[in-house]
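Asker: One-letter residues, chain by chain:
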Amino acid sequence: MSSNHHIVPFNVYIKVLSALLVLTVFTVLVAQMDFGVFNVLIAMGIATIKATLVLLFFMHLKYDNKLFPVIFLAGVFFLVVIFLFCEFDIMTRIPESSVL
Amino acid sequence: MSTVEAKPHKVAHHFDSAEQEVAASKLGIWLFLCTEILMFGGLFVGYAIYKRMYPEIFLQGSTFLDWKLGALNTVVLLVSSLTMALSIYYAQKGQSSKSTSCLWLTLLCGFIFMGVKYIEYSHKLHLGLAPGAFFSYTETATLQGLPLYFSFYYCMTGLHGSHVLAGMVLIFWLIIRSHKKHFGPSYYTPLECVGLFWHLVDLIWIYLFPLLYLVE
Amino acid sequence: MLYLLINSAEAAWLPVAATDLAKEVDQLIYFLLEISVLASILVIGGFVYFSIRFRRKSEADKPPAITHHYLLEFLWSFIPFVIFMFVFGWGWLVYDKMRDHPKNALEIHVYGQMWNWDFVYKNGRKSSRVLTVPVDKPVKLIMSSRDVIHSFFIPSFRIKQDVLPGSYTALSFTARKKGKFPVFCAEFCGAGHSSMLATVHVMGLREWEEWLVKDPYKGMSISQIGESVFQKSCTACHTATQEKRIGPGLAGLFGAKREFEKGGSLVVDENYIRESILNPSARVVKGYGNMMTPFAGLLQEEEMTGLIEYIKSLKIEQKDK
Amino acid sequence: MSVNYLNEKKGLTSWLFTLDHKRIGILYMITVFTFFLVGGVFALLMRLELFGAGETFIPASVYNQFMTFHGAIMVFMVIIPGIPAFLGNFFLPLQIGAKDVAFPRVNLLSWYCLIVGSIVALCSLFFNGVDTGWTFYTPYSIRTDNGTLWVVLGAFIMGFSSILTGLNFIVTVHTLRAKGMGFFQLPLFVWSLYSTAIIQVLATPVLAITLLLLSAERIMGIGIFDPKLGGDPVLFQHFFWFYSHPAVYIMILPAMGVISELITTFSRKTIFGYKAIAFSSVGIAAVSFFVWGHHMFVSGQSEWVGVLFSFLTMLVGVPTAIKVFNWVATMYQGSIKFDTPMLYANGFLFLFVIGGVTGIMLATLAFDVHVHDTYFVVAHFHYVMVGGTLMAITGGLYYWLPKMFGRMYNEFWGRISFFLIFVGFNVTFFPQFILGFMGMPRRYHDYVPAYEPLNQLSTFGSWMIGLGFVVVFFVVLQALFKGEKASSNPWGAVTLEWQTDSPPPHENFHKTPVVGKNPYEYS
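Going down the list, the protein sequences come from chains A, B, C and D.
Using the numbering used here, count along the first sequence one by one with no gaps and you end on 100.
Using the numbering used here, count along the second sequence one by one with no gaps and you end on 216.
Using the numbering used here, count along the third sequence one by one with no gaps and you end on 321.
Using the numbering used here, count along the fourth sequence one by one with no gaps and you end on 523.
The following block holds chain A by itself, in its conformation from the complex (with noise of 0.2 Å):
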């Protein structure tokens, strides 16, 4: 049965809570300051380590099947392909300016 499966130690859920919570306090402090224009990338790297924590342990990715991440990780990709094209096509547009 499925009793070989990993249980992931107590402990180990505690601290990543504990570090999600300083996380959290840690993108409000930052927000408080202007990095000009690091503050969205600031922002969203903070987000995605505590995503990849809530992934990794809570979700049970580090200790399943390869294929899951893989599975995740494509839908992610189409996201950003979506995302690249569309912004590429509204920044290359040309203006056409009136003349009237």
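Hints were generated in silico from the structure; no laboratory data involved.
Keep in mind that this is a model prediction, so the values were computed, not measured.
Certain hints may be false.
Stated by the list, open to error - Listed below are the simulated DSS-like cross-link pairs for lysine-lysine, each with C-alpha atoms no more than 25 Å apart in a straight line:
id: 1; chain 1: C; residue 1: K62; chain 2: D; residue 2: K517
id: 2; chain 1: B; residue 1: K10; chain 2: D; residue 2: K9
id: 3; chain 1: A; residue 1: K15; chain 2: B; residue 2: K93
id: 4; chain 1: D; residue 1: K228; chain 2: B; residue 2: K51
id: 5; chain 1: C; residue 1: K97; chain 2: C; residue 2: K140
id: 6; chain 1: B; residue 1: K93; chain 2: A; residue 2: K62
id: 7; chain 1: C; residue 1: K62; chain 2: D; residue 2: K337
id: 8; chain 1: C; residue 1: K177; chain 2: C; residue 2: K140
id: 9; chain 1: D; residue 1: K275; chain 2: C; residue 2: K62
id: 10; chain 1: D; residue 1: K179; chain 2: B; residue 2: K10
id: 11; chain 1: A; residue 1: K66; chain 2: D; residue 2: K179
id: 12; chain 1: D; residue 1: K228; chain 2: B; residue 2: K124
id: 13; chain 1: B; residue 1: K10; chain 2: D; residue 2: K511
id: 14; chain 1: C; residue 1: K180; chain 2: C; residue 2: K97
Said to hold, decoys possible - Just the calculated beta-carbon pair ranges, DEER-fashion:
id: 15; chain 1: B; residue 1: L143; chain 2: C; residue 2: V120; range: 27 to 35 Å
id: 16; chain 1: C; residue 1: F260; chain 2: D; residue 2: I30; range: 44 to 52 Å
id: 17; chain 1: C; residue 1: Y49; chain 2: D; residue 2: F474; range: 30 to 38 Å
id: 18; chain 1: C; residue 1: M85; chain 2: B; residue 2: I119; range: 58 to 66 Å
id: 19; chain 1: C; residue 1: K286; chain 2: B; residue 2: L127; range: 36 to 44 Å
id: 20; chain 1: C; residue 1: K103; chain 2: D; residue 2: C123; range: 51 to 59 Å
id: 21; chain 1: D; residue 1: L467; chain 2: B; residue 2: R52; range: 53 to 61 Å
id: 22; chain 1: A; residue 1: L29; chain 2: B; residue 2: Q95; range: 34 to 42 Å
id: 23; chain 1: C; residue 1: R53; chain 2: A; residue 2: V80; range: 48 to 56 Å
id: 24; chain 1: A; residue 1: L29; chain 2: C; residue 2: E261; range: 53 to 61 Å
id: 25; chain 1: A; residue 1: V22; chain 2: B; residue 2: G115; range: 22 to 30 Å
id: 26; chain 1: D; residue 1: E8; chain 2: B; residue 2: I119; range: 52 to 60 Å
id: 27; chain 1: A; residue 1: V80; chain 2: D; residue 2: V3; range: 46 to 54 Å
Unchecked claim - For the chain B half of the interface with chain D, some residues (derived, Cβ under 7 Å), not all of them:
id: 28; residue: A23
id: 29; residue: A24
id: 30; residue: G28
id: 31; residue: L38
id: 32; residue: P131
id: 33; residue: A133
Ideal placement from N, C-alpha and C gives every residue a C-beta, glycine not left out.
With the hints as your guide, set chains B, C and D onto chain A.
Answerer: Quick look at chains B, C and D alone, frame taken from chain A:
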């Protein structure tokens, strides 16, 4: 719900073994999560595009949100993710009453989250900060395109909120089954699958929080 | 059926190419057609030949097990790839010329609306349904839509561009032939989509300059002005008889009693006609959709007066011919 | 007749609540053919209206509704579920030696999604119908009558049907293959369904969110796609085609799988280039996500994006060409028998080649500008969708009819049906290529008189197709009630589904098969 006797899980007829059944279920739920990501992703892509097109609108829009409430909800969801994971942990260990309590805690977190959401929504709607065509806020001067920000705010948090609700229904279903002692070290697939869904909802909020409440 | 084929053979092909670019596009079209016909004959001919040659002769047939042939497979992947890249490059080249807007071009503004094309020239001259341009001179159309997406399509010039609300798109051409060429709307835009037609009228430069400064309503009676406005702006949806199209027929309208979608009724007078033209959604007549684009800001006062007088003059015809 | 899935249980509820993939397949068959009938009637009515210039018998507003219903029904309710959910549901588990799909309940749920979705879509009839075309382009779809909302919501629900089917297939292929069956022992039909399922899972959610946003646009005026409020209507087209272009591969890939089966069986010869065909299925699925902008060359998207999409579209041509050449090579030195399914397979090849080369033409930028949104495009995608997918469904239906119902069809009338459909199809759609060159835009209720002769020819052809499908209908009915009993393997095919009874028992195989060889070894 009269009897509280453990009922051993029976492997469905078309599977050869329990391992095969678990593998299939988990593969299925991960594929489903992938579709969820792409569905939410459409909104995120739209958000990113319009944020670059109209940065001032998004900046002004975020000033109408209270980051403290957003942060509170973030903490609530993170804690609920922990309790969800612990519920599986206890099921794996065979401590089913602790597993059930964790599920109750998760459900409670869900209620807190929706409660905070309700306060936020009703406050904004009261002010007239409604999506798109219903936008009627006039107390201070605002940018002309501001309704667009609130369209995104309501679409993104609304879709997310509906997922929280769906998750809560599923967790309630798990609680009933858990009381009937359906889960134990040898069978906890529903716990795992709903858990994965619940974590994904958490994951999306992790991105929504800085994007909506903390944009600079 | 054969009669139909022969009868239509002459007309049934690419419309006359009226710009240099159109001729270049035609060369590409002919190349693509030739190579496609060749490829189709090869493949279709191939399997038809195999079908006949390798028919099942008896149930005991033992065909050989041929699982693969790397060289062949490489060839029939690589050769199509080369051809595809070639036509891609060619297509890009010509497309790039289409998208090239000359700096010194004569600029004309184009407005699409359900279901009409309006043209505004730099000196303020306006026209509807007929775009007048001089021959041999580069022209750039700056296009936008007043409501939904339309598409400006001139088959004889082989060009087409969607016309969007809220932003401008452009289309450039240099006409080499004098004459009249049809324009279609090629993006679905509702009930009047197929009647959203226009004409490009290419004329000599002198003639065009005269046309540009001519007062279109010179020497006309008020009602004639109205009729000409009606002919160019209203006929996609309205008729001058009682026949319904997308909107009601206008004959006998004046003085008739109309009932409205939202309730209430009224006898048609000058004020109601004016309101219906400028702000059509205010009172929509029972049985019709709220489809008409408001003409507020698009008509001059004399045109409005003309339209009212023209509609007044439309009487119900005796239906016996 | 021995006990099989058809007579194992009786009564309507045993069908409506069945978890057997074969019965669900039959439910899909009935649904799809019913909708095909409805969509087909709309098509015939449209062609009838186009018989002459001017208004023939219906006004433009009604014509536009027919056009929209024809498109939406055929796309969302016929071709997308057509092969995967009907033939796929029935034969995927059989071909891999499984007892059922991985999630039988989800499978049934997906059928109910389709039914509920179509009922919601049909509700639009009570709200002045819908006249946007199946593409729902904004801002027209925001302005027009309220029926649009219902169709959009219906399509949203039907999307779930498609997602769930795809999800189920992927999991089934991964976990339920018979012992000894590796990925390279899978029949090619399974490969094509697997590739299709990837698209269904990855692309459909984007349609879902697009349609949700469109509904929100209609209900609340959120403005994301409405230029009046700062939105970008071209962005809607990007989102829409991100799904809808891969969706055309949802329609054609399984058809290619069916054709692979038919050609090898009726040539009695192993498939030429098994791996090339298998990988080209996956390749097409992958590249299909990067080409959607070729629907938008004149939409106002930037020139650079247009060029990029044109290039990527050319790349899809290569794996498609590989498949065609491999099929033809399979016939070489074969022992070819022209039973009805093989006729359909050859018809598919013929029409698909024409659809394919015109596809390359359309991918060429400057060429597309002239014929974009004209009848050339209409003819092209009908050659691929009808000439391709419908030929494959019909061919597959004849091929697997003995397995599904244990009865043989009438060979003579089967062939008659093929000739009617094949000839009628070409008479209908070939003239439309020429109309496109002449410049006749699509979705026109009325046209200039110069287009009349070819339009009349096209209408004649449509009647022939209609007649052809009536013949198909009666051939199937005759087979069901009066057909000769079929043996378990009437064609001498080698894939697993032919190794069980016709019709198969409830759990498919009396003894779970063990696979030791490649799928198409004829010896």
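Asker: Would you mind marking each hint as holding or not holding in the structure?
Answerer: Going through the hints against the structure:
For the hint linking K62(C) to K517(D), the alpha-carbon distance of about 19 Å falls within 25 Å, and the restraint holds. A threshold of 25 Å between alpha carbons decides the hint, and for K10(B) with K9(D) the separation of about 23 Å falls inside it, so the pair holds. For the hint linking K15(A) to K93(B), the alpha-carbon distance of about 20 Å falls within 25 Å, and the restraint holds. For the suggested pair K228(D) and K51(B), the alpha carbons sit about 17 Å apart, so the restraint of at most 25 Å is met.
For the suggested pair K97(C) and K140(C), the alpha carbons sit about 13 Å apart, so the restraint of at most 25 Å is met. Restraint check for K93(B) and K62(A): the C-alpha separation of about 20 Å stays at or below 25 Å, so the hint holds. Taking the CA atoms of K62(C) and K337(D), the gap is about 13 Å. The hint holds against a cut of 25 Å. Using a Cα cut-off of 25 Å, the hinted pair K177(C) and K140(C) holds, with the two alpha carbons roughly 17 Å apart.
Note on K275(D) and K62(C): the hinted pairing holds, with a Cα-Cα distance of about 23 Å set against a maximum of 25 Å. The suggested pairing of K179(D) with K10(B) holds, with an alpha-carbon distance near 22 Å, which does not exceed 25 Å. Under the criterion of a C-alpha separation no larger than 25 Å, the hint pairing K66(A) with K179(D) is consistent with the structure, at around 22 Å. Note on K228(D) and K124(B): the hinted pairing holds, with a Cα-Cα distance of about 23 Å set against a maximum of 25 Å.
The suggested pairing of K10(B) with K511(D) holds, with an alpha-carbon distance near 22 Å, which does not exceed 25 Å. Distance check on the hinted pair: K180(C) and K97(C) sit about 24 Å apart at the alpha-carbon level, within 25 Å; holds. Remark: the range hint 27 to 35 Å for L143(B) to V120(C) is upheld by a beta-carbon distance near 31 Å. For the hinted restraint 44 to 52 Å between F260(C) and I30(D), the CB-CB distance of approximately 47 Å keeps it satisfied.
Taking 30 to 38 Å as the suggested C-beta distance range, the pair Y49(C) and F474(D) conforms, at roughly 34 Å. Separated by about 60 Å at the C-beta atoms, M85(C) and I119(B) satisfy the suggested range of 58 to 66 Å. At about 40 Å, the CB distance of K286(C) to L127(B) agrees with the hint of 36 to 44 Å. Judged by the Cβ atoms, the range 51 to 59 Å given for K103(C) and C123(D) holds: they are separated by roughly 55 Å.
The beta-carbon spacing between L467(D) and R52(B), approximately 56 Å, falls within the hinted interval of 53 to 61 Å. Take L29(A) and Q95(B): their Cβ atoms lie about 38 Å apart, and the range 34 to 42 Å holds. Distance hint for R53(C) and V80(A): a CB-CB separation of about 51 Å, consistent with the stated range 48 to 56 Å. Here the CB-CB span from L29(A) to E261(C) is close to 58 Å, well matched to the stated 53 to 61 Å.
Range check, V22(A) to G115(B): about 25 Å between beta-carbon atoms, so the 22 to 30 Å window is met. Separation of E8(D) from I119(B) is about 56 Å and conforms to the stated range, judged on CB atoms against 52 to 60 Å. Range check, V80(A) to V3(D): Cβ separation about 53 Å, and the 46 to 54 Å hint holds. Of the supplied interface hints, the one on A23(B) holds, with its beta-carbon coming within about 5 Å of a beta-carbon of chain D, less than 7 Å.
The criterion of a C-beta within 7 Å of any C-beta in chain D is met by A24(B), whose closest approach is roughly 4 Å, and the hint holds. Hint on G28(B) holds. Least Cβ distance to chain D is approximately 5 Å, under the 7 Å limit. For L38(B), the shortest C-beta to C-beta distance to chain D is roughly 4 Å, which falls under 7 Å, so the interface hint holds. Nearest Cβ of chain D to the Cβ of P131(B): about 5 Å, under the 7 Å cut. The hint holds.
Below 7 Å, beta-carbon pairs count as interface contacts, and A133(B) has one with chain D at about 3 Å; its hint therefore holds.
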